[in-house]
Amino acid sequence: MIALALAVLLLLNCAGCWDRRELDALNVATMIGVDRIVKDGKPRVLVSILSLKTVVGGAPSGGGSVVMPPSLGYVSSAEGETITDAARNIALRSPRLLYLGHAQAIVIGERMAREGIQDVIDYADRNKEIRYRTEVVTCQGSALEALESQPEYESTSAMELSKMIRNDPVRISKVVPANLFNMIYSLMTPGKDAAMPRMSLLAPPERGSSIRKGPASGEITLGKQSQQDQAGQQTGAKDQDVNPLLGVEEAQHPERKTFQVDGTAVFSGDKLVGWLNEKEGLGTMFITRQARGGEIPFAFKSPEPNASYTFRSASASVKPVISQDGITFEVMIKGSGQLTEDKNSAIDLTKESDTKAAEQLINAEAQRACQDAVTKCQSLHADIFGFGDMIHKADPVFWKQIGDRWRDYFPGVKVQVTASFTIENTGVTGEAIKTR
Amino acid sequence: MLFIFLIFEAASGILYTPARVAALAGPDSWFALSLGDVFYGLLVLLVAVALGKRFPTQVFTEYLPAILGKVTGKLLAAAYALMFIHFGSLLLNEGSTFIQLALFSLTPPVVLDTLLAVVAIYGAYLGIEVIARENGMVAPAWILMVLLLLALAAKDINFSNLRPVLENGLLPVLRASLFHSGWRGEVFFLLMLYPYLNQKHEALKTGLLYLGTVMILTGVVHAVVVGVLGAPVTAHRIFPFVGLVRYISLGNFIERLEIVVIVFLIAAFIVKLAVIYHSAGIAVASTLGLKNYRVTLIPIALTAIILSRVLYGTYLKLSNYLFHPWPVEALIVELAIPALILLIAVIRKKAAPEAAGNARKRVPGGARSTPVLRGGDRPANS
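Top to bottom, those sequences are chains A and B.
Heads up: the first sequence runs through residues 17 to 452, numbered per the working numbering.
Heads up: the second sequence runs through residues 272 to 653, numbered per the working numbering.
Note that these hints are calculated values from the structure, not bench results.
Source: prediction; values computed, not measured.
Every residue gets a Cβ at the ideal spot worked out from N, C-alpha and C, and that includes glycine.
Mixed in with the good hints there might be a few duds.
[Said to hold, decoys possible] Label-pair distances were calculated between CB atoms; the ranges are:
1. Pro-321(A) <-> Phe-430(B): 16 to 26 Å
2. Thr-451(A) <-> Ile-428(B): 52 to 62 Å
3. Val-617(B) <-> Gln-134(A): 58 to 68 Å
[Stated by the list, open to error] Pairs of lysine to aspartate or glutamate residues, derived as EDC-like cross-links and limited to a Cα-Cα distance of at most 20 Å, are as follows:
4. Lys-179(A) <-> Glu-529(B)
5. Lys-359(A) <-> Asp-420(A)
6. Lys-144(A) <-> Glu-400(B)
7. Lys-409(A) <-> Glu-526(B)
8. Lys-55(A) <-> Glu-145(A)
9. Lys-144(A) <-> Glu-526(B)
10. Lys-430(A) <-> Asp-411(A)
11. Lys-335(A) <-> Glu-320(A)
[As the list claims (entries may be wrong)] If you want the footprint, here are the derived chain B segments under chain A, 3+ residues with CB under 8 Å:
12. 429-435
13. 531-544
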C-alpha cells in the first residue's frame, strides 16, 4: 500500500511542473548578437536575437505556390544595463521564453570587442543552455546589422555562419575558428590569447544575387497573387516583415546585405586589438596545427604567382628553445598535397629538379605566411599561438619569472619556421595544357 | 559491497571535487587523487575491518558502550547518530543543489530534497538488501556510462594540459589529496554495514579492490577532465565533469549528453542517501535501544531535509562547508575516532564474546542475532 502510494506520488512528479517549457512558448534563438552602445550618454548593452520562426498551427491555406521566405529567422533586440538585463528585456516585446540552447553562433560587435569581451564570454559560460561548441565571431560594425544580414545558401544565417567556420580548416584554412570553449580556455589560460573569426557585411556584387532581388521573379508574381488572394483570410497575427512581396521591399531597402567570414580578430587579453588578413590567418592555422587543407599560390621563375599548390594535410610541431639570447620557437610544418595550377607549363614535373624547386618555393610561401602572422601578432602584443603556454608547460620555473610580463616579452621572441611540403601528384593531368 | 562504495564516490566525489582539487593541484590533480588519499582510505579501511572482526554481529554504535563503558559509549554513539543525520542532510543538499544548478532552476530546492529523501527513505525502509540490489543495477550502469563518456571525450584530450608536472612542488598536491580524502574515507561506513556482509572474510579484499578501482577511476576521470578542459577552466567550473560532457560532440549529433550524467548521478545519489539513512536509522535505534530501526527513518528524513535547508541554504554555504570544515571533520570522524576506539578495544581486550576468533562460523545468519536488525533484514551480497 505504501509502495503504491509512493509510486503514485513519484509518478505525479514526472511531469516536472516547475521547469516545464513547451516548444510553442519558446523563442528559439539561433544566433546571439551583443553590442555596446551609448544611449543618452550612458553605456548600454544591446542584445539581438536571431530566432527561428516557429510555425505553429495548420498548413498554409490557399492554393498556388507557397513561397519560402528568404530567411527563416527574424531579429529582435533589446537593450539593458548588462548583458543579462538586455537579454531579459527581450521579454518586454516577446511573449515567449528565450531559449538559447540552439544558438549556433555568438556575434560580438566591434565596439564591444574593443572594450572587452570578458563579460560576454562569462555570460555565455554561465548560461547552462548555450553549448560549448557555439561559434564565437566578431563582426565589423554592429552585431545587430550582422544578424540582420541575409543568408545566401542556408535557411538561417546562423547555420550558414557556423557551417562556413566549421568547414574553413578543411577547405581553405584562412580563418581561425573559435567556439565558446576555445574562448573560455584562451581567456583563462596564461600565455594564450584569443582569436576568433571576423564576420563582415557584404553587398553581393553579383547582380542576380537573390539577396539583391529577393526570391526568383516567377515566385514573386505568384506570391503576390496568392498574397492578394489570401488577404481577406489572413489574421492579424501574420508577420508583415517576411512575406512574398519582396520585390516591393527591395525597392524600399536596396541595401540588403549578406555576410562573409574573411579574417581573424585578434585579442590581447579580452580586448580586440587588430585583425589578421587571410594570409596571416593561414600562417596562424599552420602554427596552431589547425590547418587541414588549403591553397598556397607561388611564383615559379616568374615575378607574379603563376602556380598553385593545394595541401591536403598539414601538421606542425613547435618547440620552445630557451637560451641566453632569448627565447626561440622552432616551428616545423609538414604537409602534402598536389599541384593544381601551372600557368604556361612553367614547371616541368617530369624533372626531379623542377619538383624540388617548386617544393622549396611552396615552403618559402608557407614560411612567409607564418612569419607574417607572427610579426603581426607581435606588433599587437597578442600571443594567439599559445607560445607562452608552451613555455609554461615546458619550463615552469622560467615561466614564473616572465609569466606576468609575457605580453611585453612576446614581441621579442624569435620564431623560426621551417616548412616541408611535398608534391604528391598533379591532379588528373600530368603536365599543364600547352598552347602551340 | 564494492559497488556500494563505488557509488559513494560516484555520487558526490566526482561531482564536487574536481574543481577544488584542480584549483589546488592544477594539472597534477589526477595523481593527487589516485595516490595520496588512497593511502588514507587504506587506513580507514584497515581500522574498520579490524573493528568489524572484533564485533562481527554488531554495528559500530552498538559495540561502542561495550568498549567505552555505558555512558561514554552511548554519548559517542549518539554523536555518531547525529553525525550520520548531518551527513545525510549534507548529501541531500549536494544532490538537490546539483539538480537545481544543472537542470531544474525554477523548482524549489525543498521539493527536490523531499523527492530524493522520500525515495532514499523507502530504500532504507526496505533494508540493506534492497539497497544493495538496486545498487547492483545502478553501479555497473554508472561505471559503463562514465567509461563511455570518457571514451567520447577522448578525442578532445590535449595531453599538454596535464603539464607542467609538479609546478609548485609536492605540497599543493598533498593538500588537494588531503582535501579529497574525506570522500575516500567514506569507506568507514563499513563500520555500520559489517554485520550485513554475507562473506565477512572477504571484506578486506573487497575493500582493497574498491580502493584500487576507485583510484584508477577517479585518476582517469580527473586526467580526462583536466586534459580536455585545462586546469584553469576545470578549477573555475562548479561541476567540471558536466562541463566535460557538455563539450562532447561526435559527428555533430552525439552531443548534449549532460542529461545522461544527471540521470545517473541522481540514481547514485539515491543509493548513497539510502545507505546513509539506513546507517543513521540503525545508529539512532541502537543508541536509544529501540527494537526496530524503521520507526526512526521518517524523523531522520524530516530532520535531514530541514537541516539541509537551514544549514546549507545556498551554494556558498554548501561549498564553504564542503571545502573547509568537512575534510577536517571527516578526518576525525572517519579515521581518528574509530582508530582510537580500536586502540581502546585492543588494550581493554574487548570483543564480542562469541566472535573472538571464529567469526566465520556465524556467517551468514549472524546478523539476525542483534536486536536492532529484526526488521527482516538479511545479509546483503558483497
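How the hints compare with the structure:
no.: 1; hint: Pro-321(A) <-> Phe-430(B): 16 to 26 Å; result: 39 Å, violated
no.: 2; hint: Thr-451(A) <-> Ile-428(B): 52 to 62 Å; result: 54 Å, holds
no.: 3; hint: Val-617(B) <-> Gln-134(A): 58 to 68 Å; result: 60 Å, holds
no.: 4; hint: Lys-179(A) <-> Glu-529(B); result: 24 Å, violated
no.: 5; hint: Lys-359(A) <-> Asp-420(A); result: 51 Å, violated
no.: 6; hint: Lys-144(A) <-> Glu-400(B); result: 38 Å, violated
no.: 7; hint: Lys-409(A) <-> Glu-526(B); result: 31 Å, violated
no.: 8; hint: Lys-55(A) <-> Glu-145(A); result: 30 Å, violated
no.: 9; hint: Lys-144(A) <-> Glu-526(B); result: 14 Å, holds
no.: 10; hint: Lys-430(A) <-> Asp-411(A); result: 17 Å, holds
no.: 11; hint: Lys-335(A) <-> Glu-320(A); result: 34 Å, violated
no.: 12; hint: 429-435; result: holds (count 3)
no.: 13; hint: 531-544; result: violated (count 0)
When the structure is compared with the earlier hints, violations turn up for hints 1, 4, 5, 6, 7, 8, 11, 13 and for no others.
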